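Colleague: In order, the protein sequences belong to chains A and B. When the first sequence is numbered by our numbering, its final residue is 420 and no position is left out of the sequence of numbers. When the second sequence is numbered by our numbering, its final residue is 369 and no position is left out of the sequence of numbers.
Source of the hints: derived by calculation from the structure; they are not laboratory data. Among these hints, one or two may not hold up.
[As the list claims (entries may be wrong)] Restraint ranges, calculated between C-beta atoms of paired labels, are given here: (1) Val180/A x Asn62/B: 58 to 64 Å; (2) Ala66/B x Thr169/A: 36 to 42 Å; (3) Val390/A x Leu145/B: 53 to 59 Å.
[Claimed, not checked] Derived contacts from chain B toward chain A, CB cut-off under 8 Å, selection only: (4) Gly138; (5) Leu168; (6) Tyr268; (7) Leu331; (8) Ile340.
A quick note: this is a predicted structure, and the numbers were derived from the prediction, not measured. Note that CB positions come from ideal geometry on N, CA and C, so glycine has one too.
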Amino acid sequence: MSSTLIDERTAPTAPATGTRWRRLLFGRDAAIIALLAVVWLVALFAVPHFNSPSTLYYLLEDIFPVLLIALPMTMVVITGEIDLSVGSMVGLGSVVVGALVQGGMPFGTAAAVALAVGAVGGALNGYLVTKVGLPSLAVTIGTLALFRGLAVSILGNRSVTGFPQEWKDLAQSRMFGSGTALPSIIWLFVILAVVFVTLLHFTPTGRATYAIGMNDEAARFSGINSDRLKLGLFAATGAISALAGIWFVLYYNTARGDNATGLELSVVAAVLVGGVSIFGGKGGLPGVIAGVLLIGALRSALRLADVSSDAINVATGVLLVVTVIVPSLVLWLGRVRKALILGVRVRSGAPGAPHREEEL
Amino acid sequence: MSAVTAPERTFRRRVADLIKRRETSVVVAIVLVVALATSVNSSFAFGRDGWRNLLLTPSLLVVLAVAQAVVIISKNIDLSVSAVLGLTAYATGEMFTAWPSLPIPVVVVVAIAFGSGLGAVNGLLVSRARVPSLVITLGTLYIFRGLGIAWVGSAHIKPSDVPDSFERIGIASVLGVPVLTMVAIVVVIVAAFVLGSTRPGRELYAIGSNEEAADLYGLRVQRRVFFSFVASGTLAGLAGVMYAARYVMVDSQAGSGLELQSVAGAVVGGVAITGGSGTVIGAALGAVLLTTISRALPIVGVPDFWQQALVGALIIAAIVLDRVLANRHARRLVQEREPNVEPAEVAR
């Protein structure tokens, strides 16, 4: 902190250009992007076939639902809430599409109904969290079971297959002809990413999102309609999860009750790996997108290196645990260093010890 | 501030309190479900098998719900219990195959200690790194389950792998009560005593109500939280041994999904997810209610598939009810203190 006197009456201004650059270069977004680059480079040299276009294609298709859902989930977590029901909503969305198409409805209409179901389900989460005032963790554990239960009850243990080819092409085809790397469907992600990055990083709504995460009550007093924003974010998360469900049906050509079981874990892991604080108020979309790609690259590289899929799950878990404890570790090391310099013994956990000055 | 005199504990007041308790309503719900299912098919509760299953089936989830209650009361959560159960269940069978001469009690103790060790990993990460337990145990759920699959692969424990005497524990009854049910009851009694009447237990409630205040008061928050996770790992390990004895067939997916059911059981039984309130007995009764409902559904003609949706609806109903009751209680307390304030101003 600088030692210059600060006039309290002056309005807060943007930080000096130097600070801004430092933030950009040494922030968590930059760290996670650098980590992604390192993993990618190592994989390119060490893992055979990692540089083939098909690898990138399957990598992107494999993590596509996570990419989509991570966008609204990032904003939900920044407000200090969480949504664990997304995986079940992907399942419910795909089952709704499957059941309606089987019942003779055209695919487009069925998809629209599924999107509406997603928005309503998400709004139910949002209503219980904001209007009833319940913790989102408990609510969405409940709806995780509820949505999955509905999905499983609608189709039982049947599965629906045989969707129209022109729709399937939408999810399965490649943008520049066969053998190239980019899936065509990536445009959907690009559009949504532009919308969400703009919303979070360049609009008052985005600033309000951070303000709520920092201090919900203070945000309310400064005139932010916290409830409405959270409700909207939960509804958006539900709708986009259902969208991912529709994609799921088309890409894998099957609608089943247990589609995308456990996907919520991957999404939450990606968002946290991407540098968003679980306590809210911190993080950004560039880091999260890099985090999703990091997990995708890691999985893809391990798979190509013939590591079993279970070990890949272990790697995802380790990555999640390590990224969340690193900030605490850095903080602790900083305390130890300061204590060594000052010659004071560190007693972590003692009352009054400054270990909570920054909750990460 | 004047001292508030405690209301007189008259008999009527005690009865009224008892009726208002969450545990009472859960018991009523269990009785209703059992009565309904029995009226459709009398073998649900009567007959040798019906009676045994009625008592035996919930015992596993009861132990897990108690484990979950211990951590939820201190405002944490342990999502890795199901993976710990899977690992210890497989370890139990594996020890019998690897060292057939090992006496059963040794195997049981080692398997439970294995669970404690896994719980200690959670506890260390949560209490030291000061990261929410939701995130840590989500990670360790992945890690433990992944390690389990890597270790077990497509192999599984078969009934021929375990000694007959161990297999019999899973089905044996003493005086009409299955042994595993007795184990669960002992766990509930011990945990209820520790949480209700000992210092470490009461401190967990204090930590769950307000961690910062507990810290300022001088409670050793980190240590208590650490040991609450060791306890939940230990109980999950015990549940793993029970799983091995009850089902004998153990594969790499043993117990998957039970983490949510254990949370559901505790929450339905009145353990608030926001920490600091609820009882172990409530959590155990919640678990009994959930298992009994899912066993009763097919009998009253509802397909199995609806069970999960019902569990979800029950969780939501339970937390909404908790919130409504807490609000009403808070409003009444404020009104007792300041009778002139309009109730509307008290809300929120």
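Colleague: Which of the listed hints are broken here?
Modeller: 1, 2, 3, 4 and 6
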